Amino acid sequence: MTRSNSHSPSFEPTHLVFAGLGGLVLLFIIAPLASMVLNSPIADLTDTAADTEVLNSILLTLWTALTATLLISLGAIPLAWLLARKQFPMKRLVSAIIDLPVVIPHSAAGIAVLGFIAPNSVIGGAAEHVGIRFVGGAAGIITAMAFVSVPFLINAARDGFAAVPERLEKAALSLGASPTRVFFTISLPLAWRSILSGVVMMWARGMSEFGAVAIVAYHPIVTSVLIYERFGAYGLKYARPVAVVFLGVCLLFFVVVRLLSRGKK
Amino acid sequence: MLYIKNLGVHIGTFTLRDISFTVNRDDYFVLLGASGIGKTLLLEALAGLIPLKTGSITRDEEDITHLRIQKRGMGLVYQNQALFPHLTVLHNITYGISRKGMTRAERLAFAHALAEKVGVNELLHRYPNTLSGGEAQRVALARALATKPRCLLLDEPLASLDPHARSSMRTLLRSLHRNGQMVIHVTHDYEEALSLATQVGIMEQGTLVQTDTPTRVFQHPTSEFVARFVGIRNVFPGMLETSNTAQDDTAVFVTEGKRFRVLTSVKSGAGILLIRSEDITLSLNRPDSSAQNCFEGIVTDKAPARLGLEICVNIGVEIIALITSGSAQRLHLHPGSSVWLSFKASAARFIST
Numbered sequence: 001m002t003r004s005n006s007h008s009p010s011f012e013p014t015h016l017v018f019a020g021l022g023g024l025v026l027l028f029i030i031a032p033l034a035s036m037v038l039n040s041p042i043a044d045l046t047d048t049a050a051d052t053e054v055l056n057s058i059l060l061t062l063w064t065a066l067t068a069t070l071l072i073s074l075g076a077i078p079l080a081w082l083l084a085r086k087q088f089p090m091k092r093l094v095s096a097i098i099d100l101p102v103v104i105p106h107s108a109a110g111i112a113v114l115g116f117i118a119p120n121s122v123i124g125g126a127a128e129h130v131g132i133r134f135v136g137g138a139a140g141i142i143t144a145m146a147f148v149s150v151p152f153l154i155n156a157a158r159d160g161f162a163a164v165p166e167r168l169e170k171a172a173l174s175l176g177a178s179p180t181r182v183f184f185t186i187s188l189p190l191a192w193r194s195i196l197s198g199v200v201m202m203w204a205r206g207m208s209e210f211g212a213v214a215i216v217a218y219h220p221i222v223t224s225v226l227i228y229e230r231f232g233a234y235g236l237k238y239a240r241p242v243a244v245v246f247l248g249v250c251l252l253f254f255v256v257v258r259l260l261s262r263g264k265k
Numbered sequence: 001m002l003y004i005k006n007l008g009v010h011i012g013t014f015t016l017r018d019i020s021f022t023v024n025r026d027d028y029f030v031l032l033g034a035s036g037i038g039k040t041l042l043l044e045a046l047a048g049l050i051p052l053k054t055g056s057i058t059r060d061e062e063d064i065t066h067l068r069i070q071k072r073g074m075g076l077v078y079q080n081q082a083l084f085p086h087l088t089v090l091h092n093i094t095y096g097i098s099r100k101g102m103t104r105a106e107r108l109a110f111a112h113a114l115a116e117k118v119g120v121n122e123l124l125h126r127y128p129n130t131l132s133g134g135e136a137q138r139v140a141l142a143r144a145l146a147t148k149p150r151c152l153l154l155d156e157p158l159a160s161l162d163p164h165a166r167s168s169m170r171t172l173l174r175s176l177h178r179n180g181q182m183v184i185h186v187t188h189d190y191e192e193a194l195s196l197a198t199q200v201g202i203m204e205q206g207t208l209v210q211t212d213t214p215t216r217v218f219q220h221p222t223s224e225f226v227a228r229f230v231g232i233r234n235v236f237p238g239m240l241e242t243s244n245t246a247q248d249d250t251a252v253f254v255t256e257g258k259r260f261r262v263l264t265s266v267k268s269g270a271g272i273l274l275i276r277s278e279d280i281t282l283s284l285n286r287p288d289s290s291a292q293n294c295f296e297g298i299v300t301d302k303a304p305a306r307l308g309l310e311i312c313v314n315i316g317v318e319i320i321a322l323i324t325s326g327s328a329q330r331l332h333l334h335p336g337s338s339v340w341l342s343f344k345a346s347a348a349r350f351i352s353t
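Residue numbers (my numbering), protein chains in the order written: chain A, 1 to 265; chain B, 1 to 353.
Honestly, I wouldn't trust all of these hints.
Simulated pairs of lysine-lysine, DSS-like, Cα-Cα distance not exceeding 30 Å [what the hints assert, rightly or not]:
1) Lys170(A) <-> Lys148(B)
2) Lys91(A) <-> Lys53(B)
3) Lys170(A) <-> Lys267(B)
4) Lys86(A) <-> Lys71(B)
5) Lys53(B) <-> Lys86(A)
6) Lys170(A) <-> Lys258(B)
7) Lys170(A) <-> Lys302(B)
8) Lys344(B) <-> Lys170(A)
9) Lys237(A) <-> Lys5(B)
10) Lys5(B) <-> Lys117(B)
11) Lys53(B) <-> Lys148(B)
Don't read these hints as lab results, they were simulated from the structure. Given the structure is predicted, the values throughout are model-derived calculations rather than measurements.
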């Protein structure tokens, strides 16, 4: 802690007010989650954890969100590098388009994606021909998750690349490296922490998506939809344990990923 | 040989225009100019990192203006070294070693030889953030040399070093040059230019205003800018000889038969002597002062300077003294008149080359 004024060791009243207000916001985040956990009896939680419908939905959620993230990252990471390094016409428009999925209602996003991949659309029809079923299939879930969560990866990766000094890339080029080699040996390794953080954020955002997924593919059922379904059919008491178990699984994954990313140099 | 002809670059707020110079195979070419006038940009243009707007670059009869960066044979060393922070010193050095026709063992042996040459062989497994400024600069140099560049491009290589590291880096650069390395070095420090260069180019407002040997640029600046930028008019190449008197902390500098007493920690060797024109005193009779250098000479020229008058006195070599107009009138100084000239041993500055 640093103290800005040397004459008084006591708290600045202003800072005290800030801390109080900030504490209220923290409480606002923690309290509902804590009450949800505390209001779920252990027996309900163990029953829920053993429920195959719940387990299947959690597994489905984890792998579809991860697949969406990894597939999209193949194009999102190079795009992020371009945005960080190059000037091109309508760059601001491109940046604005990337942020669109964050600001539009997710049910609207779902409707948009559905129209795009429905069996009667060009892409949906073509996919059906090769045996991929979007609507009501895992591919649909992946598409919906990817659509709403991609800005998180692109923005984080772009900031990561922008923080790599351009001189390092220039130095590598002048040492005879091809642009591809410079990207893989200099830019990517130096930006990887931000990229990984973006990957985790995108994955998390994908897993938590409800609106777009429910519209594109209600079944097979992902956990967010399952929670909603149990709430609608049986009420809060039955939805809560599923939410708590899912929350636990998510937290576990993020803690592990964060620890891994901190351990590496 | 490298010919740069009418080079022009325009990036953002920087503009370089109509830059032409030639660097011979055995040249150490120093581009001297104030900070922030695009010297780094010029090096990047030569390296091929930024496109030229006009002009051409020819290397040994071959036009390399549009050649890819990788094939130009230019080894660029940035001022802040730009070492790859996630790679060890060894991997920084091996980064640019061509994989063609070399086994891994040969590449490693080459890297070790380079590290030995620049004196970083003890540091090979360290990361850049653990190196001192001088060590990092040596690693950056080794990394650039690993590509076996025809021409080494150095951006202020001594600027961020402490005095000790600076002097040993100068020695290293000189030895590289002696062993046949062509070098283009940009700096804002005229001492670097004098101590290293075989040719000096002075940059002003995005263009090259004078190119010549270091002593000639300093002795005969072609424009007021050059004169003001280099600042020092009395520049003499010569030899330093150890003083005979043991208790003396001065040495004797000999140039064209003239002997000057110089206060310096250097004992002997070739070098350049600098005397600021404002440190030179003129008088009609032999002065009785602490100044150890007194000579009688003939005024050969009188010219107004930005402030005061420049009086050129021949004492066997020509020395320029800066005096006020009032003093000139009082002493009745005109071309042909006889005058005594004196300066203190501590006013003469020796730079070894």
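To see whether the hints hold, each was checked on the structure:
Between Lys170(A) and Lys148(B) the CA atoms are separated by roughly 18 Å; this keeps the pair inside 30 Å, and the hint holds. For a cut-off of 30 Å, the pair hint linking Lys91(A) to Lys53(B) stands: about 24 Å separates their Cα positions. Only pairs whose Cα atoms come within 30 Å are accepted, and Lys170(A) paired with Lys267(B) is rejected, the gap being roughly 43 Å. Taking the CA atoms of Lys86(A) and Lys71(B), the gap is about 23 Å. The hint holds against a cut of 30 Å.
Distance hint between Lys53(B) and Lys86(A) is fulfilled; the C-alpha atoms sit about 19 Å from each other, no more than 30 Å. With a C-alpha separation of about 50 Å, the suggested pairing of Lys170(A) with Lys258(B) is violated against the 30 Å cut-off. Taken as a hint, the Lys170(A) and Lys302(B) pair is broken in the structure, with Cα atoms around 51 Å apart against an allowance of 30 Å. For a cut-off of 30 Å, the pair hint linking Lys344(B) to Lys170(A) is broken: about 49 Å separates their Cα positions.
Between Lys237(A) and Lys5(B) the alpha-carbon distance is near 82 Å, which puts this suggested pair outside the 30 Å criterion. Proposed proximity of Lys5(B) and Lys117(B) is contradicted: the alpha carbons are some 34 Å apart, above 30 Å. The suggested pairing of Lys53(B) with Lys148(B) holds, with an alpha-carbon distance near 28 Å, which does not exceed 30 Å.
When the structure is compared with the earlier hints, violations turn up for hints 3, 6, 7, 8, 9, 10 and for no others.
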